[in-house]
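A.B. asks: The lines below spell out each chain.
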Amino acid sequence: MRMKADLIDLNDYPVEWWEKLLDLGHKIVSDPAAYAHACEGKIMGTLFYEPSTRTQMSFQTAMLRLGGSLIGFDNPATSSVAKGENIKDTTKIVSGYADILVMRHPTAGSVKAAALTADCPVINAGDGGHLHPTQTLTDLLTLKEEKGTLSGLTIGFCGDLKNGRTVHSLIKAMSCFKGNRFVLISTKELALPVYIKDVLSASGLEYKECSDLEKAIGELDVLYMTRIQQERFASREEYEKQKGCYVLDRKKMALAKADLIVLHPLPRVDEIEIAVDDDSRAMYFKQAEYGMYIRMALILTVLEGQAHIPLVKGREHRHTLCSNPNCITHKEKYLPHYFIGDGTTLICEYCDERTLAE
Amino acid sequence: MRMKADLIDLNDYPVEWWEKLLDLGHKIVSDPAAYAHACEGKIMGTLFYEPSTRTQMSFQTAMLRLGGSLIGFDNPATSSVAKGENIKDTTKIVSGYADILVMRHPTAGSVKAAALTADCPVINAGDGGHLHPTQTLTDLLTLKEEKGTLSGLTIGFCGDLKNGRTVHSLIKAMSCFKGNRFVLISTKELALPVYIKDVLSASGLEYKECSDLEKAIGELDVLYMTRIQQERFASREEYEKQKGCYVLDRKKMALAKADLIVLHPLPRVDEIEIAVDDDSRAMYFKQAEYGMYIRMALILTVLEGQAHIPLVKGREHRHTLCSNPNCITHKEKYLPHYFIGDGTTLICEYCDERTLAE
Amino acid sequence: MRMKADLIDLNDYPVEWWEKLLDLGHKIVSDPAAYAHACEGKIMGTLFYEPSTRTQMSFQTAMLRLGGSLIGFDNPATSSVAKGENIKDTTKIVSGYADILVMRHPTAGSVKAAALTADCPVINAGDGGHLHPTQTLTDLLTLKEEKGTLSGLTIGFCGDLKNGRTVHSLIKAMSCFKGNRFVLISTKELALPVYIKDVLSASGLEYKECSDLEKAIGELDVLYMTRIQQERFASREEYEKQKGCYVLDRKKMALAKADLIVLHPLPRVDEIEIAVDDDSRAMYFKQAEYGMYIRMALILTVLEGQAHIPLVKGREHRHTLCSNPNCITHKEKYLPHYFIGDGTTLICEYCDERTLAE
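If you read the protein sequences in the order shown, they are chains A, B and C.
Residues 601 to 958 (the working numbering) make up the first sequence, in order.
Residues 601 to 958 (the working numbering) make up the second sequence, in order.
Residues 601 to 958 (the working numbering) make up the third sequence, in order.
Mixed in with the good hints, there may be bad ones.
When chains are identical, the list treats them as one kind, so a pair holds in a single copy or across two.
Said to hold, decoys possible - Distance condition first, Cα-Cα at most 25 Å in a straight line; then the derived DSS-like pairs of lysine-lysine:
hint, residue 1, residue 2
1, 843, 931
2, 841, 933
3, 886, 604
4, 931, 627
5, 851, 744
Derived by calculation from the structure, the hints in this document are not laboratory data.
One chain only, chain A, in its complex shape (with noise of 0.2 Å):
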């Protein structure tokens, strides 16, 4: 296997390989024409194997503002590639044609199964529900860019909780910086998962849960808006009675302090009032742009490939299947079913679930 740094998972780097993005992040805001052609003569391949125009425009304009061109598909559903060929096949073939490749699939551990086989570097643009890295490195950048500084913050998350890996993600990343604050804002069915207020415990960071945004706003230095979709309520009666509490409006921002900034991974639908986008400290559609830079960033070291990581930890285990029915082991039967640990319990290194080892 060539020597390639690809980005499956967040994790697979050290926090000081997060700051030297975001530091070389800073340098391209402060300076894009200084970048403008780093990647020339480079082909990036976007396989989009479910569509999401957003994500995929953010990777097409960081590519063409390094200079770089592309290549790629979106709508598998209409291609060829949907017609029987396997995901090793297609990114093989892909890999030898770009010398980067973005994917997205709506299976977890699709894309790194992607990067065992393909010749050249994969960025993960999403896995299904499991890991959207390049959504946790936007948000790092904006925090960075326009707070100043990843620590000593009070940081709300407000709405879903319970079902957003944009926000277990970020809330991860950021219990590895010092001093920060969380404010969780979300009905008691909707509460971030235990095992990640494990994390920040572990951490020696502070949070408080609490169900009304409109008390919680106050004491906000940053606020990260999510949608609660209505069916996620007990009743259509529980939603209207609530849903007040986390929708922001221009009311709830006179509350908030001068410095507040509000967040938002986007789509909205009307969790935020259209009138707060002409407040200063709407910062969500600047956060949009921050994700062009932070993914031209990451484009030019990974293509560097400085930053090589193996991409199994542990080893093969025969004749142990992942207990997550939604692992890519299960629809692409060739994968060698690698895990983590050696004892009764070991974690897919594709989808990081835990089963029992046989």
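Model the placement of chains B and C on the given structure of chain A, informed by the hints.
C.D. replies: Only chains B and C this time, still in chain A's reference frame:
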């Protein structure tokens, strides 16, 4: 709001601006190589909310021939953009990636709505049946290049003159130049609307109506063909009886001037016999090529930003709703209700329809 | 008609032309960077009337690696091109935008039809089951690069030899070189058609047929694998009994020469075990990469226009209709009926089928 030069409606600009644009178009036609690097490092986003393959490829080619590059989508049905995100959020985000947006959308006023909040200039590539200014610019450049003038021409329009925005827009544009005569060739049912005839009368220009292309063709300098759909005729019998009068064939071409030019906005169905293509007076394929050149001129002009015009000429009337059910203000509720006028009758700034003030 | 060098059918060109193209392919493989700007400022239009993601990406990458740029479509079902516009108008218009067209279409003869009226050179990327010349060129470059020669080789073809234009075309091409031997491995029902065997006999080349890959593999220099679809077998029982004979696995590879190379046009289904991929003799992914290089050579050659050949070798026979119901002349009625020959049997110039003269 950043200063920026959108092109939403040709009538937002004075005739001198059109002439300057046509002059630039002429320079590009004469020496395209001189402009091959004019937009290097610039990115165009083509946001096609309904597919229009030819228009999109024309814009894309124009940008590539200026040395720029491309992002965009053309099939929102299969893209995540269709999933509940409003026009403002999508176009605002992409305007943070791109240097110029080209947008097509099935709803009247949608492109102007996008331009209100976009961070970069926006070009209207068609907003439903409302406006399609680059088609008119294409027609003007073709006339200018092939006839050498936009004045003193006898121009025939043949086909469905009631329903084509292309025809209405070109007649209005040509009524700004001196000495043009118009021959309107159609069935009674598909005659040019009165309000367009009023424009001609107000400009002191001569026009006549007739129902048979064969009788009219001999006096024309320009013949602009359009399609009549079968279902526009009163009955199947009527269609069979009359359709021949509106089909251009070699027999009719034999009656025309040696320096006639035949235009058509394309696609054609059967209103021009394929054998006419080989006649050197058939100019419709060349016209498509001029469409690419005038779009190059437009992109350059808009990116230079020297054409800034205010998008809103009137003011917000909070309590008045536009009377046009197909106006974008009925779909995107957050849009301010901008109208021109202050009396009892207001004109919607998005779709140009008249409405009674509330 | 402008002088231009289309590639519709490999047999339109002499073997010396193929060899020159393969030589250029070799130079590009050896030093791709030397060609990185060879097509700067040129635009390729990829008109894919049926999706073929891999072929399209191969052409696109080839053009990008020559410094050119891209327009096109890949999904006419959702594009306006599908709405009633004939092939002539669409391809004529796009040939006014682009410098070279690459076209794929499900109907035999369609690409030649387009080339007749296009203003720029046209490359056939597959016209139904009829021709796919760049696949054959890909196979030839792979053989030349990996075996060092196109002569004196023992080449096995395994699988469905009855229906695969890829196999027929490569056998015909290899019959132009000296001393090649062919081993045809298939069921009786899926044997190579007689008219192709006649080509081999006429060239004085040796061939033999056999029904078991295991028995044949030991003598091969090249093994060209193809898929046998289950429904091609006489019955489900027959399929289960025989399929193993046509699947390449590690056990069979152990019986092969050390310098065998295994080719496959891809996509594969299960006719090559995935474990074979790790064998250094498995050349099918490399073959896809050679496909990109030979397309670079082809684009360069076609754009240089030194290969001009007349598209029509016979003449129009107005009253004769092609006997092939899938010929493009039955769908696009305006096409002149060009046939080769003057006796009672004519050969259609679009689809190559024989027809009785009227």
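A.B. asks: Each of the hints needs a verdict: does it hold here or not?
C.D. replies: Against the structure, the hints:
no. : hint      : in the structure
1   : 843 x 931 : between (39 Å within a copy, 23 Å between copies)
2   : 841 x 933 : between (48 Å within a copy, 23 Å between copies)
3   : 886 x 604 : between (32 Å within a copy, 19 Å between copies)
4   : 931 x 627 : neither (42 Å within a copy, 41 Å between copies)
5   : 851 x 744 : neither (27 Å within a copy, 57 Å between copies)
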